[in-house]
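One line per chain: the protein sequences are E and V, in this order. Just so we're aligned, residue 1 is where the first sequence starts under the numbering used here, counting upward by one. Just so we're aligned, residue 1001 is where the second sequence starts under the numbering used here, counting upward by one.
Be aware that a few hints might be false.
SDA-like cross-link-like pairs, simulated, lysine to any residue; straight-line CA separation at most 25 Å [to be verified]:
{"no.": "1", "chain 1": "E", "residue 1": "Lys404", "chain 2": "V", "residue 2": "Gly1092"}
{"no.": "2", "chain 1": "E", "residue 1": "Lys372", "chain 2": "E", "residue 2": "Trp186"}
{"no.": "3", "chain 1": "E", "residue 1": "Lys372", "chain 2": "E", "residue 2": "His299"}
{"no.": "4", "chain 1": "E", "residue 1": "Lys404", "chain 2": "V", "residue 2": "Gly1136"}
{"no.": "5", "chain 1": "E", "residue 1": "Lys60", "chain 2": "V", "residue 2": "Gly1092"}
{"no.": "6", "chain 1": "E", "residue 1": "Lys404", "chain 2": "V", "residue 2": "Thr1257"}
{"no.": "7", "chain 1": "E", "residue 1": "Lys404", "chain 2": "V", "residue 2": "His1268"}
{"no.": "8", "chain 1": "E", "residue 1": "Lys404", "chain 2": "V", "residue 2": "Ala1259"}
{"no.": "9", "chain 1": "E", "residue 1": "Lys404", "chain 2": "V", "residue 2": "Pro1262"}
{"no.": "10", "chain 1": "E", "residue 1": "Lys404", "chain 2": "V", "residue 2": "Thr1264"}
{"no.": "11", "chain 1": "E", "residue 1": "Lys404", "chain 2": "V", "residue 2": "Val1322"}
{"no.": "12", "chain 1": "E", "residue 1": "Lys404", "chain 2": "V", "residue 2": "Ala1258"}
{"no.": "13", "chain 1": "V", "residue 1": "Lys1143", "chain 2": "V", "residue 2": "Gly1092"}
{"no.": "14", "chain 1": "E", "residue 1": "Lys404", "chain 2": "V", "residue 2": "Lys1143"}
The calculated label-pair distances, taken between Cβ atoms and stated as ranges, are [unchecked claim]:
{"no.": "15", "chain 1": "E", "residue 1": "Gly107", "chain 2": "V", "residue 2": "Ala1387", "range": "51 to 57 Å"}
{"no.": "16", "chain 1": "V", "residue 1": "Gly1035", "chain 2": "E", "residue 2": "Thr80", "range": "53 to 59 Å"}
{"no.": "17", "chain 1": "E", "residue 1": "Gly47", "chain 2": "V", "residue 2": "Arg1062", "range": "32 to 38 Å"}
{"no.": "18", "chain 1": "V", "residue 1": "Ala1387", "chain 2": "E", "residue 2": "Arg370", "range": "29 to 35 Å"}
{"no.": "19", "chain 1": "E", "residue 1": "Gly406", "chain 2": "V", "residue 2": "Thr1295", "range": "44 to 50 Å"}
{"no.": "20", "chain 1": "V", "residue 1": "Ala1196", "chain 2": "E", "residue 2": "Thr80", "range": "25 to 31 Å"}
{"no.": "21", "chain 1": "V", "residue 1": "Asn1297", "chain 2": "E", "residue 2": "Arg321", "range": "40 to 46 Å"}
{"no.": "22", "chain 1": "V", "residue 1": "Asn1297", "chain 2": "E", "residue 2": "Gly107", "range": "36 to 42 Å"}
{"no.": "23", "chain 1": "V", "residue 1": "Thr1157", "chain 2": "E", "residue 2": "His279", "range": "40 to 46 Å"}
{"no.": "24", "chain 1": "E", "residue 1": "Gly74", "chain 2": "V", "residue 2": "Thr1295", "range": "43 to 49 Å"}
If you are wondering where the hints come from, they were derived from the structure by calculation, not from laboratory data. Model, not experiment: these values are computed from the prediction. Backbone N, C-alpha and C define an ideal beta-carbon position, used for all residues, glycine too.
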Amino acid sequence: MDTRRAAVIGGNRTPFARANGAYAHASNQDMLTAALDGLVARFGLQGERLGEVAAGAVLKHSRDFNLTRESVLGSRLASTTPAYDVQQACGTGLEAAVLVANKIALGQIESGIAGGVDSASDAPIAVNEQLRQVLLDMNRARSLGQRAKALGRIRPTALAPEIPRNAEPRTGLSMGEHQAVTTAAWAISRAAQDELAVASHQNLAAAYEQGFLDDLVTPYLSLTRDNNLRPDTSIGKLAQLKPAFGRNDTATMTAGNSTPLTDGASTVLLASDEWAARHNLPVLAHIVDAETAAVDYVHGDERADGLLMAPVYALPRLLARNKVSLQDFDFYEIHEAFAATVLTSLAAWEDPEFCQRYLGLAEPLGPIDRSKLNVRGSSLAAGHPFAATGGRIVATLAKLLHEKGGGRGLVSICAAGGQGVVAILEA
Amino acid sequence: MSDRYQALVNSTVGSSVASRLGLPRPAVLRRYEPGADLLPGPVRLGAAGGSTVPHLREVLTRTGAVVADETEESTRFGALVYDATGISTVAGLAELAAFLGAALRRLRACGRIVVLGRPADSVSIEVDAVRQALEGIVRSLGKELRAGATANLVWITDPASLESALRFLLSGKAAYVDGQSLLLGPSRSEDPVDWARPLAGQVALVTGAARGIGAAITAVLARDGAHVVCADLPAAGASLARVANDVAGTTLQIDITAADAPATVLRHLTERHGGVDIVVHNAGVTRDKLLANMTPNHWDPVLAVNLQAQLSINAALLASDVMRDRGRVVTLSSTTGLAGNRGQTNYGASKAGLIGLVRSSAAAFAARGATINAVAPGFIDTDMTHAMPFATRELARRLNSLQQAGLPVDVAEAVAWLASPGAGGVNGQVLRVCGQNLVGA
Chain E
1 MDTRRAAVIG GNRTPFARAN GAYAHASNQD MLTAALDGLV ARFGLQGERL
51 GEVAAGAVLK HSRDFNLTRE SVLGSRLAST TPAYDVQQAC GTGLEAAVLV
101 ANKIALGQIE SGIAGGVDSA SDAPIAVNEQ LRQVLLDMNR ARSLGQRAKA
151 LGRIRPTALA PEIPRNAEPR TGLSMGEHQA VTTAAWAISR AAQDELAVAS
201 HQNLAAAYEQ GFLDDLVTPY LSLTRDNNLR PDTSIGKLAQ LKPAFGRNDT
251 ATMTAGNSTP LTDGASTVLL ASDEWAARHN LPVLAHIVDA ETAAVDYVHG
301 DERADGLLMA PVYALPRLLA RNKVSLQDFD FYEIHEAFAA TVLTSLAAWE
351 DPEFCQRYLG LAEPLGPIDR SKLNVRGSSL AAGHPFAATG GRIVATLAKL
401 LHEKGGGRGL VSICAAGGQG VVAILEA
Chain V
1001 MSDRYQALVN STVGSSVASR LGLPRPAVLR RYEPGADLLP GPVRLGAAGG
1051 STVPHLREVL TRTGAVVADE TEESTRFGAL VYDATGISTV AGLAELAAFL
1101 GAALRRLRAC GRIVVLGRPA DSVSIEVDAV RQALEGIVRS LGKELRAGAT
1151 ANLVWITDPA SLESALRFLL SGKAAYVDGQ SLLLGPSRSE DPVDWARPLA
1201 GQVALVTGAA RGIGAAITAV LARDGAHVVC ADLPAAGASL ARVANDVAGT
1251 TLQIDITAAD APATVLRHLT ERHGGVDIVV HNAGVTRDKL LANMTPNHWD
1301 PVLAVNLQAQ LSINAALLAS DVMRDRGRVV TLSSTTGLAG NRGQTNYGAS
1351 KAGLIGLVRS SAAAFAARGA TINAVAPGFI DTDMTHAMPF ATRELARRLN
1401 SLQQAGLPVD VAEAVAWLAS PGAGGVNGQV LRVCGQNLVG A
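The whole structure should be built from the sequences, with the hints applied where relevant.
In structure tokens:
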């Protein structure tokens, strides 16, 4: 069976907003619909029936069981465009792009949109388990007596709501706490983390100034730019921040070198080359291949199986399958969940002992040219609405490759549950 | 914002009170609706000294107008059209005056008077004087007309664009065009196949499309069949997307003052549309200050956005073949560019500069069968005028022959007409859409 490479036509996202700020009252559906409509306007897709739209959110209300389809129905796309929800924690956006790209590659569809959205502000609050059981029993009750009996089981503690936590269900540790263990195990320095954070802010600020984001972002509500961006931040300013994660004596991770909770949505338009040509739309790049990995962060080794280290394992498998080396890339887009996550990944790929023992490689993958890393800024500056990050990165990387006139780019995104997605794009 | 005064004096009670007090009574203007009759009544056609416009009656009939020769006293006219091209003596002017004078009382509300003349050509002093006299008649008459009627003058050197001009001036599209003179020269364009969708299959770029007049221009160009590329600053992207999505257009978020903007615009038009047919330079800003208090922060952005960006983009258009043959460029000037305005030396400079730009580049565009013209809006109801103090705004609204502000759609209709294939004979001109404003004549 012949396959083809799916083309990245372009992207659109909302500016990202720090939680409980500009988008405090916007729902996931509001933001995803806005991001879709901006994409529709950019590429003239009004009334167009696309092959599918795949998107998702990490923090999701139960009413949003069909979030993506509902967003499509509220958008200017043809109502006959099918849609489904994807959820792979912070890997959602990239995984959605891979799913759509694979269907295009197989010839099952000609065009599609991949996306993601998250609101840490408009988070779902549920009734707690005790009250939920009582309410369900009341619903099942057949007589007044049975209902009264169920009702009688309600205690004051039943009224405490169930609020979503940024913690791994199996360890009870937050993502930052997990990364702090990994960071310490790999001895990633505070200075190196702050340096990466400053570069992210400076790169994103320059990208805005140079108009790089003019055709990637559409303003939403009161925002025209990501409001986490601090163009004037510096190593000096970041050095003053107190650690936010980790044990006090070795703690290096601060609010400045970690991503904040963020709200926002992103979308990417993917298609076959033929579809793009028919619609007079430029092909920015192609999605070549992708690989997902998972680590056993619950039982595994502190240094080798950190919660956010799955991309470290996914990458060598992807490189081997595509017969390229880590140095054969023009751009590296490594999601900055925390500055330390990026630095841990790079350190692991450079470590001969680790590469041999855990990745089964005779030689380490080696260092990368840091001037090719996150050249237009990444999550530390833009913010990280969990499911929206993949779409932001794919569109950014595709445009970078297109502007360069050709080349190869790597995407690496870590996700909760010890998972990670990596992908190769080429132009 | 609605004109509350206008609504009041058009109500039953308000109308009678305003009449007794001698207050101005701005009419509710007749505006274009697709499929509606061109005029509210038949046309009375007159000529003096023998018509020199070939087939004028047939041309008029093709527009959908009904030419009424034999009429009963009770017949009321939708328009009076007078061919004054044959008048060469002072005595001939009296014939025109008598014709119009006799028919004026039978002109319907929102009726039209269109006088056709020949421009002065320096052959005969008396003939040139008489020709120029037409402008004095039409402009004065415009100020006498009431109930939303307008008077305009069309100078003809070549009748190729006459049908298109009449379709515009007689219709509700020209509701706020009053007391103006237009010159029709030779045209290399053919009339549209479908007059209801004259821009079918064409691609138009509109800058400053996110709101106000730009959004109205986008809507009218799309109604007339064009695909509109809606351009505006990245920061205006949210409303820009709504404007584009409403008309199945596309967005181009760009700062047109950026050094690489002309190249970016041309590349976008080529990549996505294989070229462009219509460019509407609508983006504009104000930074009002008395000249004594003017700083570079007030001066520079106004000149950069309003004038320099257009010069750069037009130069790039002329240096490339991105604009297709018989293209159209329309720029938004302003009556401030003609009359000046206190506190607007910067804005006035830019808008007058645009008139210079248009006149100076007409020949270069004509060489490729294209045209470039300016539309100069007068007082138009927009967000900008809503920000004016109440009394100033109310006064400014009445300072024209139609005693009311125009609407963004009035400007948009003029732009769309100049952008249409039929208007190929109009080049290097400034069309005011101002209700015959008292300033800047």
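Lys404 of chain E paired with His1268 of chain V [C-alpha distance capped at 25 Å]: Satisfied, since the Cα-Cα distance of roughly 17 Å is no more than 25 Å.
Below or equal to 25 Å on CA atoms is what counts here, so check Lys404 of chain E against Thr1257 of chain V. holds (24 Å)
Given the hint of 51 to 57 Å, is the C-beta distance from Gly107 of chain E to Ala1387 of chain V inside that range or not? Distance hint for Gly107 of chain E, Ala1387 of chain V holds at roughly 56 Å.
43 to 49 Å as the expected CB spacing between Thr1295 of chain V and Gly74 of chain E, which holds or is violated: Roughly 46 Å apart at Cβ, these two residues keep to the hinted range, so it holds.
Given the proposed pairing of Lys372 of chain E with Trp186 of chain E, does the C-alpha separation stay at or below 25 Å? At roughly 23 Å apart (the allowed maximum being 25 Å), Trp186 of chain E and Lys372 of chain E satisfy the hint.
Taking 53 to 59 Å as the stated bounds, is the beta-carbon spacing between Gly1035 of chain V and Thr80 of chain E within them? The hint (53 to 59 Å, Cβ to Cβ) is violated, given that Gly1035 of chain V and Thr80 of chain E are roughly 30 Å apart.
Taking only the CA atoms, is the gap from Lys404 of chain E to Ala1259 of chain V under or equal to 25 Å? Within the cut-off at roughly 20 Å; holds.
At the C-beta level, are Gly406 of chain E and Thr1295 of chain V separated by a distance inside 44 to 50 Å? holds (46 Å)
Gly107 of chain E and Asn1297 of chain V - C-beta distance against the hinted 36 to 42 Å: violated (57 Å)
For the pair supplied as a hint, Lys60 of chain E and Gly1092 of chain V, is the alpha-carbon distance within the 25 Å limit? violated (82 Å)
What's the verdict on Lys404 of chain E and Lys1143 of chain V, does the C-alpha distance respect the 25 Å limit or exceed it? violated (62 Å)
Mind checking the alpha carbons of Lys404 of chain E and Pro1262 of chain V for me, to see if they're no more than 25 Å apart? Judged against 25 Å, a Cα distance of about 20 Å means the pair holds.
Figure legend: structure checked against the earlier numbered hints; hints not met, in rising order: 1, 3, 4, 5, 14, 16, 18, 21 and 22.
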